[in-house]
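Number of protein chains: 2
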Amino acid sequence: MAKVAILGFGTVGSGVYEVLNENAEGIEKRAGEPITVSHILDIRDFSNHPHSELFTKDFEDILADKEVTVIAEVIGGKTFAFDYTKKALMAGKNVVTSNKELVATHGAELLKLAQENGVKYLFEASVGGGIPIIHPMYTCLAANEISEIFGILNGTTNYILTQMIQNGQSFDVALKNAQELGYAEANPSADVDGIDACRKIAILADLAFGKQLSPDKIYTEGITNIDLSDVKYAEKLDSVIKLIGYCKKDEDEVFARVSPMLIPKGTALANTSDVFNAILVRGNAIGDVMFYGRGAGKLPTASAVVSDIIEIAVGNCAKIMWENCGDDFMKDISSETASFVVRADKSFTEDKAKEIFGNITVIDTDGEFVFATNSVKEALMAETAKNYPIKKYIRRF
Amino acid sequence: MAKVAILGFGTVGSGVYEVLNENAEGIEKRAGEPITVSHILDIRDFSNHPHSELFTKDFEDILADKEVTVIAEVIGGKTFAFDYTKKALMAGKNVVTSNKELVATHGAELLKLAQENGVKYLFEASVGGGIPIIHPMYTCLAANEISEIFGILNGTTNYILTQMIQNGQSFDVALKNAQELGYAEANPSADVDGIDACRKIAILADLAFGKQLSPDKIYTEGITNIDLSDVKYAEKLDSVIKLIGYCKKDEDEVFARVSPMLIPKGTALANTSDVFNAILVRGNAIGDVMFYGRGAGKLPTASAVVSDIIEIAVGNCAKIMWENCGDDFMKDISSETASFVVRADKSFTEDKAKEIFGNITVIDTDGEFVFATNSVKEALMAETAKNYPIKKYIRRF
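Sequence lines, in order, name chains G and X.
Those letters in the first sequence? Residues 1 to 397, per our numbering, in order.
Those letters in the second sequence? Residues 1 to 397, per our numbering, in order.
Just so you know, the hints here were simulated from the structure itself, not pulled from any lab data.
Please note: incorrect hints may appear among the correct ones.
Any copy, or any two copies together, can satisfy a pair, since identical chains are not distinguished.
Below are the DSS-like pairs computed for lysine-lysine, each with C-alpha atoms no more than 27 Å apart in a straight line [stated by the list, open to error]:
{"hint": "1", "residue 1": "Lys236", "residue 2": "Lys57"}
{"hint": "2", "residue 1": "Lys331", "residue 2": "Lys29"}
{"hint": "3", "residue 1": "Lys29", "residue 2": "Lys249"}
{"hint": "4", "residue 1": "Lys29", "residue 2": "Lys248"}
{"hint": "5", "residue 1": "Lys319", "residue 2": "Lys3"}
{"hint": "6", "residue 1": "Lys352", "residue 2": "Lys265"}
{"hint": "7", "residue 1": "Lys232", "residue 2": "Lys386"}
{"hint": "8", "residue 1": "Lys319", "residue 2": "Lys29"}
{"hint": "9", "residue 1": "Lys236", "residue 2": "Lys265"}
{"hint": "10", "residue 1": "Lys298", "residue 2": "Lys249"}
{"hint": "11", "residue 1": "Lys265", "residue 2": "Lys232"}
{"hint": "12", "residue 1": "Lys248", "residue 2": "Lys298"}
{"hint": "13", "residue 1": "Lys386", "residue 2": "Lys354"}
{"hint": "14", "residue 1": "Lys249", "residue 2": "Lys319"}
{"hint": "15", "residue 1": "Lys211", "residue 2": "Lys29"}
Please put together the full structure from these sequences, using the hints given.
Below is the structure:
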């Protein structure tokens, strides 16, 4: 029998408990042994819980129990999670987690620590909620050299953008709706500022390219500046605006970015609406594969955490490692090229735009001067926006 | 060093050889050891191949080599493949395969034989070509009770239907194009008659529900009867026609079917065009997840075969088993309910249709009488088609 301790009894933690109990029979069959929760760590009072005897406020209780072989760290954040995870791994306990912040910032170190202690650190739930993506990348796609990964990695922002696109809601109204539906937090910054998507693309790039990317070095732009005019201009280009996480390997350099982008209608990414996520992986043998589903939510995320627990019971043999080797291999986006939709003041003329960008496509001259560039250097776009009355620019995919 | 023997040097076999060579460095890193091809079995003459020394016409050469630990059976069909696979497993060699026919018909027996001999029988490439689906089902989705699986499982028929829908090509013209592009075989029966999709849905159901379904007991209808009028009527219902493999668990019974269906536009399945496959899995924790990509082709399929080889090198610990326990648990489709689009002779009146089916929606009365039923029993539809001048009926999803 495998004994599991759950750290944090919030949304995901209670989901893990629920899935382990509800699906106990099938899980036992697939794991080859029963999996039971022996401890739940939470500082709050759960003395009224039907299984209040499982709760503890002291992490040492869990560390001291030699029968606990797997710890599910679903606290989130770094403060306690990092410390507990290190202690657990050093005590020879396997750790599974949904904590994207911790994996993105300290993954290399924790994977190394796990290896040194002969245990596993698994994090299927850290990207895409319940969508299988981490595991397939190091198993099913292991025969490939992966060159690019991109997609819609955050359900909250995708819900907000979908409301703006399909129902003409303003950003503020759509955000408020998302909060009422429980899709967005009271403080929505991690989602709407792109921080969550940034951590996820960092983890995917780490795994695909073998080197840890510092999330704070990844160019990250959220959706707080997107307004209904942007949606309208995108529509004129037969496109929709999506928040896209993107990473690419170019020789020994890796390039990563999170930003709103215009996605042509009719494509799989444009068709990914509401809270759904879609992640495309491009490999040299497989071509493109896409993983699609709900990227968040209590039970889908718990499903992924529990799948890692089962993996450990069955005996996970995978070698998941990436190196922490500084940031030098991370390429600045300024040298990349892209086509942009530019919203400028009318004093910025078509002639001026052509002088700077070469050929352009005029989209609108009502009130402001809106145009699309051909493929130009990011640096040129940024520089021009600094020196001329340009309100904003959005990349086209 | 792991030594691999490839059985059959056709499209997939030569792809496996190519992927193992091209991506050797990355594969060695992920597998933890170099993986080299030591034997290739093919009855044809490859004396001009740059590595002609690898070729043999005698399977016993491979069996006798104790260093060969993995055999990639990519011959296809059952005649030789079944015999070789059994012999290999009994000789203590792991077998990986893309052979959906063999897995669908003899999977339970071969998995048991593998277990008895302490080796693995893996078949990621048998469904969805390179799309990760088999492996994620028994790992990432292992915390779920799976209730339904459905999707577009055959790229050839999806290409043909896409041509009919988007370019107004007749079935015959679209098939001819598919053959010219190498998407369809000279004898296209396995694809266009739904046999290939039937084997794939059988394998997915086997894996999800733990019992082997006899492919020949699965209701299977191909696309040879679909014409441009069907496409037009679907359009009137804002739908497109797709060949759908479907399976569902209902208490202890399993229900499976392959048939053309009307899929509402705007959905992920309707948007899956050309040779792409899309497979949806519904679990009680995860909700719906979808796997999407090219379902066939030399390198994508080889990518999946090689991923299984790497799995074995790394040490695959999964318990993949299903039972062979007769067909009694397979539910007949006649008791299922569905909504149908019915094409009848004009002598079959609206009044008659309403008398039999209750409320109906008239779609066309030009030349023939075309209508859609509400949800009715399959048995009622089949019985009515037998007794009245009904030319054909197509299910709506």
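Going through the hints against the structure:
For the identical chains of this complex, Lys236 and Lys57 are neighbours neither inside a copy (57 Å) nor across copies (62 Å), given an alpha-carbon limit of 27 Å. In the homo-oligomer, the alpha carbons of Lys331 and Lys29 lie at most 27 Å apart only across protomers (24 Å), although the nearest pairing inside one protomer, at 47 Å, exceeds that limit. For a Cα distance limit of 27 Å, the shortest separation of Lys29 from Lys249 across copies, 18 Å, qualifies, whereas the shortest one inside one copy, 41 Å, does not. Taking CA atoms no more than 27 Å apart as the test, Lys29 paired with Lys248 passes between copies only; the shortest distance there is 20 Å, against 40 Å inside one copy.
In this assembly of identical chains, the alpha carbons of Lys319 and Lys3 lie at most 27 Å apart whether taken from the same copy (24 Å) or from different copies (20 Å). With identical chains, the CA atoms of Lys352 and Lys265 are never at most 27 Å apart, being 30 Å at best within one copy and 43 Å at best between copies. In this homomeric assembly, Lys232 and Lys386 come within 27 Å of each other (Cα to Cα) only inside a single copy, at 24 Å, whereas the closest approach across copies is 53 Å. In the homo-oligomer, the alpha carbons of Lys319 and Lys29 lie at most 27 Å apart both inside one protomer (25 Å) and across protomers (9 Å), since each shortest distance falls under that limit.
Both within a single protomer and between protomers do Lys236 and Lys265 lie at most 27 Å apart by alpha-carbon distance, with minima of 11 Å and 22 Å respectively. Proximity of Lys298 and Lys249 under a CA criterion of 27 Å is satisfied inter-copy only: 24 Å between copies versus 33 Å inside one chain copy. Proximity of Lys265 to Lys232 under the C-alpha cut-off of 27 Å is found in both arrangements, the shortest distances being 13 Å within a copy and 23 Å between copies. In this assembly of identical chains, Lys248 and Lys298 lie within 27 Å of each other by CA distance solely across copies; the values are 24 Å between and 31 Å within a copy.
Taking the shortest Cα distances, Lys386 and Lys354 sit within 27 Å of each other inside one copy (17 Å), while across copies they are farther apart (69 Å). In the homo-oligomer, the alpha carbons of Lys249 and Lys319 lie at most 27 Å apart inside one protomer (21 Å), although the nearest pairing across protomers, at 35 Å, exceeds that limit. Taking the closest pair of Cα atoms, Lys211 and Lys29 come within 27 Å of each other only across two copies (14 Å); inside a single copy the shortest separation is 37 Å, beyond that limit.
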